[in-house]
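Student: Chain by chain, the residues:
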Amino acid sequence: SQQGEEDPQALSIQEGENATMNCSYKTSINNLQWYRQNSGRGLVHLILIRSNEREKHSGRLRVTLDTSKKSSSLLITASRAADTASYFCATGSNDYKLSFGAGTTVTVRA
Amino acid sequence: DGGITQSPKYLFRKEGQNVTLSCEQNLNHDAMYWYRQDPGQGLRLIYYSQIVNDFQKGDIAEGYSVSREKKESFPLTVTSAQKNPTAFYLCASSIMWQGIYEQYFGPGTRLTVT
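Line order of the protein sequences matches chains A and B. For the first sequence, our numbering gives the first residue as 12, with consecutive numbering after it. For the second sequence, our numbering gives the first residue as 193, with consecutive numbering after it.
Check before you lean on any hint, since a few could be wrong.
Here are the computed lysine-lysine pairs in the DSSO-like style, where the Cα-Cα straight-line distance is at most 27 angstroms [to be verified]: (1) Lys249/B / Lys206/B; (2) Lys81/A / Lys108/A; (3) Lys263/B / Lys206/B; (4) Lys201/B / Lys108/A; (5) Lys108/A / Lys67/A; (6) Lys249/B / Lys37/A; (7) Lys263/B / Lys108/A; (8) Lys249/B / Lys263/B; (9) Lys108/A / Lys249/B; (10) Lys67/A / Lys81/A; (11) Lys37/A / Lys81/A; (12) Lys80/A / Lys37/A; (13) Lys37/A / Lys108/A; (14) Lys37/A / Lys67/A; (15) Lys249/B / Lys275/B; (16) Lys262/B / Lys108/A; (17) Lys262/B / Lys249/B; (18) Lys275/B / Lys108/A.
It is worth saying that the hints were derived from the structure and are not from the lab.
Make a model of the complete structure from these sequences and hints.
Tutor: And the structure:
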């Protein structure tokens, strides 16, 4: 079942601008992960944040997690054309499975 | 795409035929997964396997079957009972690290059934 819901569904920005997308979920989790998918390709893991963490950084990526609001955000700073992709959040609890949202499609215009 | 291979990249079949999608990993991961992705949608879990010779149904297992005879391999068969098989199929594997499973994905197989 899909637990995560990303918002917005689609985002178009100019190169150099920041892109922010949000993920909301319904049940308790022990981790939340963000993945990127280029058109027609597999998913690539970007960043993982545990339920006891509030913020993580990786290069130009910043992820926040608010467990009281059951939401997370992914910020991509200084976007590039190569950031054009779909971004998915996935929530995990204490088993092998992840629940993926429907994704946010980001288009970076040159 | 890491150490997970899926073949073929594109697959075409006639309605009523069974078709098997290949997934192989050389990451020594215990768990493997099959997902289905439809246009503009997220991933839906078909089957997953935690260890060899064991697998569990995901959210949309009807019309699909799997086997896990080797740690490295987790083939998916799309049977003629699957009512709408045309989709993009993704295989993944994972290993537990500090209580968390991070999944690694293959490049996917796009199946078209006419």
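Student: Next, verify each hint and record whether it holds.
Tutor: Hints, one by one, checked against the model:
no.: 1; hint: Lys249/B / Lys206/B; result: holds, 26 angstroms
no.: 2; hint: Lys81/A / Lys108/A; result: holds, 18 angstroms
no.: 3; hint: Lys263/B / Lys206/B; result: violated, 31 angstroms
no.: 4; hint: Lys201/B / Lys108/A; result: holds, 25 angstroms
no.: 5; hint: Lys108/A / Lys67/A; result: holds, 22 angstroms
no.: 6; hint: Lys249/B / Lys37/A; result: holds, 22 angstroms
no.: 7; hint: Lys263/B / Lys108/A; result: holds, 18 angstroms
no.: 8; hint: Lys249/B / Lys263/B; result: holds, 18 angstroms
no.: 9; hint: Lys108/A / Lys249/B; result: holds, 11 angstroms
no.: 10; hint: Lys67/A / Lys81/A; result: holds, 16 angstroms
no.: 11; hint: Lys37/A / Lys81/A; result: holds, 7 angstroms
no.: 12; hint: Lys80/A / Lys37/A; result: holds, 9 angstroms
no.: 13; hint: Lys37/A / Lys108/A; result: holds, 16 angstroms
no.: 14; hint: Lys37/A / Lys67/A; result: holds, 22 angstroms
no.: 15; hint: Lys249/B / Lys275/B; result: holds, 17 angstroms
no.: 16; hint: Lys262/B / Lys108/A; result: holds, 20 angstroms
no.: 17; hint: Lys262/B / Lys249/B; result: holds, 18 angstroms
no.: 18; hint: Lys275/B / Lys108/A; result: holds, 25 angstroms
When the structure is compared with the earlier hints, a violation turns up for hint 3 alone.
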